[in-house]
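Asks: Protein chains in written order, with my numbering: chain A, 1 to 670; chain B, 1001 to 1152.
Bear in mind the hints are in silico, worked out from the structure with no lab data behind them. Treat the hints with caution; some may be incorrect.
[Stated by the list, open to error] Rough simulated footprint, nothing fancy, chain B against chain A, three-plus residues with beta-carbon under 8 Å:
hint, segment
1, 116 to 124
2, 243 to 250
[Stated by the list, open to error] Partial list, derived from the structure: chain B residues whose beta carbon lies under 8 Å from chain A:
hint, residue
3, Ile1064
4, Cys1066
5, Ser1067
6, Leu1068
7, Ala1070
8, Gly1071
9, Ala1082
10, Ala1083
11, Glu1084
12, Pro1093
13, Gly1094
14, Glu1095
15, Arg1096
The beta carbon of each residue, even a glycine, is placed where N, CA and C say it ideally should be.
The residues making up each chain are set out below.
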Amino acid sequence: MAVDEGHRTVSVTINGIEIEVPQGELIVESVKRLGLEIPVFCYHPRMKPVGMCRMCLVEIGFKQPDGSVRMMPKPQAGCTLPASEGMVVLTDSESVHRDRKGVLEFLLVNHPLDCPVCDRGGECPLQNNTLAYGPSTSRFIDLKRHLPKAYPLSQYVMLDLERCIQCGRCVRFTEEISGEHELAFRFRGASMQPSTFQLLDFESKFSGNVIEICPVGALTSAQYRFRARPWDLQTTPAVCTACSNGCNVWFDHRAGRFVRINGRINEGVNEEWTCDKGKFGHDYYNSTDRLRTPLVRKGDQFVEATWAEAYEEIVKGLESAGKDVAGLCGTRIANEGLFLFNRLFKQVLGSRSVDHRWTRTLGTSRVQTPIAGIEGKKGVLVFGSNPAEDLPIVFLRLRKAATRNGTQVTVVTPDVTEADAFATVASRIGQGDVLKVAQEIVDGQSELARKVADCLKEDGAIVTSDRVRNLPGGGEALRLLEDLAARCGAEFNCYPTGPNAMGAELLGVLPGDGGLDTWGILQGCCSGTIKALWLLDCDPTTVEGGDQALESAEFLVYQGVTRSEATAFANVVLPMAAPAEQDGTWTNCERRLQRMTQAIAAPGDSKPAWRIFSEVILRLQPSTPFFNPREIMKAIADADPRFLPGASDLPEEGAILSATTQAAMAGDGA
Amino acid sequence: MSFEVFRDVAKPIIAGFGITSRRLLQQKEKRATIQYPEDRREQFTRTRWRHVLTRYDSGLERCIGCSLCAGACPARCIYVEAAENSDSDRRSPGERYAARYEINLLRCIFCGYCQEACPTGAIVLRKDFELANYDREDFLYTKEMLLEPIRE
């Protein structure tokens, strides 16, 4: 992290080259401007420097008024040294190389030589720095430190204490970034070791990040343990589809099978972090429950069928149901698939009953603040839902805003949240009191209402999620708060939580005029007004009355990635490709459109959702089908100018879509 | 018969038959022709042929499933999948062992880089050169085929 002291620049001489850098910038960062590198272990650009590992030692001198250079007698740590006028830095001198060699030799005194079995081997900063700057042989012949090898810190993180070089990155991560303060150093000197307090489980919702920032193999992933070596892996840039935040990730795969997820830098979304739900939540790619071939029900049994047979069955079923058909979908489907799903029902079948929402009361989301924009807010009201749980990356931004920029955070939720730790006001309310409390806040009489008003009075924002609609009176409460925000000039954000819920909403996968919503469709199945139901990667058996509805539906198509409870009720089961097994675009909760390309092949006969719908539409209504997702994106952009950025090449970091069609027409990017 | 014809044609033929007849009369051990497959020529010490996964004297496998051989292989013919040792099922010393170890001998160029990369000396190229077979599948050597039997 650069220490920012205004915009003044100073002139610094690095290895004889004079450059202008912002005053106070750390020397490790300044040398990067020249394309040079200072090796580091403990320093991380997103965390405060501590100077613990001494790897970044450089020679420093100052220009004297008479033009001579006076060198400091001892080397200095580049990661804690702010640039100042007339500073002379040597990163490549003989003594610096000697210092680095010495530091590495000391670090390696207690580091075991088990690189061949270490999961970090091959992508390890300690290995790399030793190779580049370290001694080629070891002079240490005594017994090394021996400590527990594979100690599970949590179900996700394994700790190997022998390998730890005590850089403190993990400890600082929990203190500065995720904010749970769960890790700390125990003991001193060579026996210093990171651990949780009282050896409890490391329960952070962001614990996976410490695996990535650990410069050695001390913290490794329990899931990735011994699965592959880095040189076995192929990696593809992808977008995480665990929740609506749309984090950028590296999708690592080996021999066509998913292996692990690592964070990828996108300054607008996740910076470089991931949450545990995303990092460890992609194992369904390798699940034995994956559907591989289309199945058609023959009596009591499913028979494996070809796609042609399955389509024939579907066309028969849909045609006999006439207009009494409905579609329900989940949100882990790319924009292209959702668009064709919507078109199949609304244009081809002439039904208006389509929905993607599964909250108890249904509503549409409204988002005014992009994720990065939260950092600049003066006050934020968190209402009803726990951001660390529902919107992990929004939570990290919120915490950054509160701890670094002094944003005033007011938390009003039924449950204890991680945000309480940095909130100025944290208020607990009853599960059923959401509406009452919202009314109270709007009325402005109570103590809490005054605090909220104070928080939102200038450049404020309300952060909440669609999970609030599950609470009694939640929908009404959100409406009240939206009005309140409009009145006091604050931004209102009801972020959706489903991976592509925002995309579904923008594409209008919602009941049309006179159409039934989710609950209406399920009731309609029971009462017989809906004869055929299409489930697109969703499982209504998890909601109330879902079982009954599926049982009474005359004709049921289940299209999904994995087998679920709902599969058992279906007449036709269609296997679908998972997100990284197809090309497609995804819209995250801030309406950022991001493109994902195919990383691995879909298993068995499964096809991407868009291809399935394209083929079904072709059989119902002969027309030119869509052959690839790009064509569909063009059709989407033609129908809805908000999606225009998707029709051309999207920038790597994605593009935030306009909230309204008018804004998109006017060319307004926000 | 001119002198030239004698020198260029007859003399070399006679000389050639001379060598043949001398060899015929020689002891069997000294003969240049080896009666393969009954007899085998002794191989050079550094001959590299079929791979073997060796064991320690204790019977534990040397291979720790580190995949360094696969990383070093220029033909990309090695596939390793590792798993974790447990006290009840110990295959190798340490934490890790190879659950799958496959070499595609059709791709292998017998360069010996795997042997050089191996940190435990598990994979070695020995002198078994008779690798012909009838089916392509039979050239996929699995761990069971490569692993040395436990010595009594």
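Asks: Hints broken by the structure, by number, lowest first?
Replies: Failing hints, ascending: 2, 12.
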